[in-house]
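Model the full assembly from the supplied sequences, consistent with the hints where possible.
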Amino acid sequence: MGKRWRHLVAALTGLGLGLAALGPGLAPGFVLSYDMVFTPDPAFTPMTFGLTGTVPRQVPSDAFVTALATVIPSDAVQKLVLLAIFVMACMSAASLVPSPRLLPRLAAGVCYAWNPFVAERLLLGQWALLLGYAALPWVVASAVRTCERGGTRRLVRALVLAAIGGFAALAMSGLVALVVALASSRSRGGERVNGAERLKGAVRVVGIVVVLSLPWLVPGALRPAGVPGDGTAVDVFAARADTPFGVLGSLLTLGGIWNGETVPRGYGTPVLAGFWLAVVLGSLFAYWKWCREPEWRRGAAVAAAVGFVLAALGAVAPPVLRGAVGLWSGFAVLRDGQQYVAPLAVVVAVGLGVAADKAIGARFPMIAVGAVAAPVLLLPTLAWGAAGDLRAVRYPADWARAREIINSDSAPGDVLVLPWALYRSYPWNHGRRVLDPLPRYLHRRVVVNDALIVGRTTIPAEDPRAIALALAAAHPDSATLRDRDVRYVVVDAETAKYRPIGAVPVLTGPDLAVYRVDGAKAGHEDRVPAAPVIVAWIAASAVVFWSFLIPGTTLGLPLLGSIRRRSPDRLPHHSRRAP
Amino acid sequence: MRIAIAALVGVLLAAGTSFGVVQLANSSQKDPVIKPMYNYGAP
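As you go down the protein sequences, you meet chains A and B in turn.
Residues in the first sequence are numbered consecutively from 1, following full-length UniProt numbering.
Residues in the second sequence are numbered consecutively from 1, following full-length UniProt numbering.
Hints are computed from structural coordinates only; laboratory data are not their basis.
Even for Gly, the Cβ is constructed at its ideal location relative to N, Cα and C.
Among the chain A residues that face chain B by a calculated CB cut under 8 Å, a handful are: (1) 13; (2) 110; (3) 240; (4) 260; (5) 262; (6) 376; (7) 423; (8) 424; (9) 452; (10) 493.
Here's a subset of chain A near chain B, in silico, CB distances under 8 Å, partners left out: (11) 17; (12) 258; (13) 261; (14) 433; (15) 454.
Chain B is nowhere near these chain A residues, computed Cβ spacing over 10 Å in every case: (16) 277; (17) 397; (18) 411.
Here it is in structure tokens:
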């Protein structure tokens, strides 16, 4: 089977997995789950670019979605993005298996696209992180060759998805690229690479990652309130056991997410978790024993080990991480440590593929077929919208009316959202938790309380405007709200319970109520200056554009081409297409 | 090509099996009512 056919089959398999996983989520409407918020007709607002003074976690993923939504309906954008994650995850992992056989490649692809990590992060709504995860095998393959001709461009292309994902995705992918560049000691031909070359490669990786990070790095750094980093969140977001094997065993099996509510149903039962652990251990053994890929084998293994240590840090040694966050708030990126088991997932997937390849070589093809099906059979509850948890819903009619009223009003002032909390369990969303969609749904500055409540712990608010409005939100009356430049109060849950005194009700529905505060002035807040952010976007976009500046290439082919040819000696050097 | 078809059929069968399991599990469940209403989640 030709190379392109192999990629096509992997892509189709990924598509099949995506369709199976999303199930009812593919119906018209939006899947709203924890951090996953898509809204109809999103608009470019200052918040989209992180200019409002909030922490720019939504940059640039919101801009990406908004741009796509100008061409196709935004609910279709969501389905497209989610399906693309499965397709690319399956393709990228499959392409990394050092075997021309199809079945081992599919085993790796299926394992990488269908595992507890994907299930838990999907349920937590972290599609942006999963975008980076999907391309991680390409990053591994590219990071080791940054010093070769075209290597820098290749790595930029491999990191584009992580760059779209933003802060968390790029932190994870950048770390993996850096470790692979530093730890890989062999070149494509199998020759030893010296330390200076590795250092040169690592410097290039850091440069690329910094440039691609500029769209969120600049507004984050120029944020008037500084970079927040709360030490108490270390315990809250530390990995936890979701199998009988403890925290470390759960991380090893690619689970262990901090949020107990986002573990797929049935996962962690002794039988299924035990089989899954056996698959993981067998894959790791196969990787160590039989994976003979000279370029990235060692780098990927070291990245997996480093990722595992980082993932376990918050659970095993929380004071260390708390101290690090206290020292420099940028270390807060390590608080939700479980995301760093992603490179371990790459190694496990490739190991499973290598094991399947070995089985075929030993004339046990049924073992290879079993390896392809095992991830799905051992995690059946990821199917059908993670057992019905991911369902498409439509925003209630009251929401559309509220948007019409607020968007058509030219008077200045912000929107305050009550109840004074960030997450909601709307009855119309089947009680599923979701980040309040109003800041994205309305095209004004919307102030919500961005303090996080996790179990019985509250992580303080970060948005200075929310902090300033906290007292007014606790006892809302029109005079106070007017003085604080609030034009509208929107109540999007328990509508009968909240009513600002003296405000004019303009919409009172069962799902949403809107009150107008007359006489409010334009909201003033310390914003991030736009000029440096524009420059940051231009710089990052220019680098991405430059990376694709090769005639006759497309987004897919150069990435696929970045994977080392199986028999490089068969082709003369000049005929190798620079991917 | 035959192996590819076999693999795809295998994945589809696995997906079908899991779909069946989920439907069985769902048939006895109602919508989750998560309390308290405003939490991000629970460890």
